[in-house]
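Go ahead and model the full structure; you've got the sequences and the hints to work with.
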Amino acid sequence: MNERHHDMFWTVLVKDGLAYARPFGMSAAQMQKQKNEVPFWLLPLIKSMCYGPTWPDVELIWRVGGRAANTPLTLSWSKAYNQSDLLVPSASSTSLSALRSGATFMHVPWAQRKPVALWQGASSMRAPGMPNGDTKRQHQTRGKLLSICSNHTDLCDAQLPQHTVYTTPGADSTNTSETSPMSLAAVMRDAASHKYALLIDGSPAATHTLPVLFSGSVLVRQMSPSVEFYYSALQPYVHYMPVAPDLSDLPAVLRWLRAHDKEAQAMAARTLAWAMAHVTEEAVGCHVAALVHGLAQRIQWQPNATEAYKEWRIAPDRATRKQINADVGFMCM
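Residue numbers are given in UniProt numbering: position 47 of the sequence shown equals residue 47, and the series is strictly consecutive.
Accuracy of the hints is not assured; some may be wrong.
Unchecked claim - With a cut-off of at most 30 Å between alpha-carbon atoms, the simulated DSBU-like pairs for lysine-lysine come out as follows:
| # | residue 1 | residue 2 |
| --- | --- | --- |
| 1 | K114 | K144 |
| 2 | K310 | K114 |
| 3 | K15 | K310 |
Calculated from the structure, these hints are not laboratory results.
Spelled out as structure tokens, the structure:
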């Protein structure tokens with residue numbers, strides 16, 4: 001497999017209040033395609049630039065996806081224990097206002113929820129003969145989840161709305177079949193109608209973890225090396241129920257939750273209360289800004305927006321920044 005599908009690096013440059021994001025290690029055709037849209041994973045950075053003091057000049061590396069070890073110091077929304085990445089919020093954080101207000105879904109009373117664990121996600125499968133690595137282990141885990149839930153339909157419901165197949169080595173594209181990724185509203189609506197939400201990692205951490213914090217469901221989380229920036233604040237048996245990396249104890253954990261409904265309801269309430277208190281737009285913006293300002297102070301060179309960057313600008317200056325509102329989907333003051 002062409003590894004750039006799982007480890008794609010971008011150079012992010014902020015110079016004189018302007019931001020640029022330029023990929024490298026891509027073919028000319030890939031780079032041209034990337035110019036046509038603002039990368040969704042950069043939305044937290046763009047939104048953070050909308051608030052607070054003007055950002056300093058800074059140049060850094062942003063890694064998208066994957067879990068390869070021994071990579072350069074980069075910014076990423078998810079990392080494994082053997083990586084040195086500095087963690088920033090995922091693109092889901094740009095929907096915090098809607099998540100916190102309940103605009104994307106209706107909270108269902110606990111007694112009216114299905115006593116079933118729900119998982120909805122994607123499976124990124126390597127083509128036959130491709131190198132395996134840690135990524136294949138994770139995809140096998142999601143495949144195992146589908147098998148477990150098909151044999152325990154009374155306990156869990158695992159759905160695969162999207163399936164991604166990576167092409168042969170050296171190929172420049174991926175083939176995506178079945179349906180498109182579910183909208184945030186659909187994810188939250190379905191999660192809020194179930195008592196338990198399954199969090200099973202793919203290549204990086206489970207993408208829906210941050211939104212599901214606001215669902216009012218018990219988080220049933222696979223223990224794995226992947227973490228996001230807030231994971232260290234979540235305590236097992238306090239904010240979530242852990243399950244083994246190979247999911248061998250999943251049926252037993254779900255049976256325990258069913259048999260201890262009051263304890264499960266209390267755990268779900270604690271998680272929602274923690275998210276409402278700590279996962280705010282202001283907190284996320286401050287986290288990103290503090291990280292970038294700290295990096296800027298340690299850079300030993302003067303970042304420069306060369307001609308190669310000019311066509312990769314992702315946010316205009318402060319005076320004209322409102323022009324990007326329609327593109328990024330939130331008000332940029």
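Holds or violated: K310 and K114, Cα atoms, limit 30 Å. Since the Cα atoms of K310 and K114 sit roughly 52 Å apart, the hinted pair is violated (cutoff 30 Å).
Can you confirm whether the C-alpha distance between K114 and K144 stays at or below 30 Å? Given pair K114, K144 holds - Cα atoms ~22 Å apart, limit 30 Å.
Within a Cα-Cα threshold of 30 Å, do K15 and K310 meet the stated pairing? Measuring from Cα to Cα gives roughly 11 Å; hence the hint holds.
The structure is inconsistent with hint 2 alone, although it conforms to all the rest.
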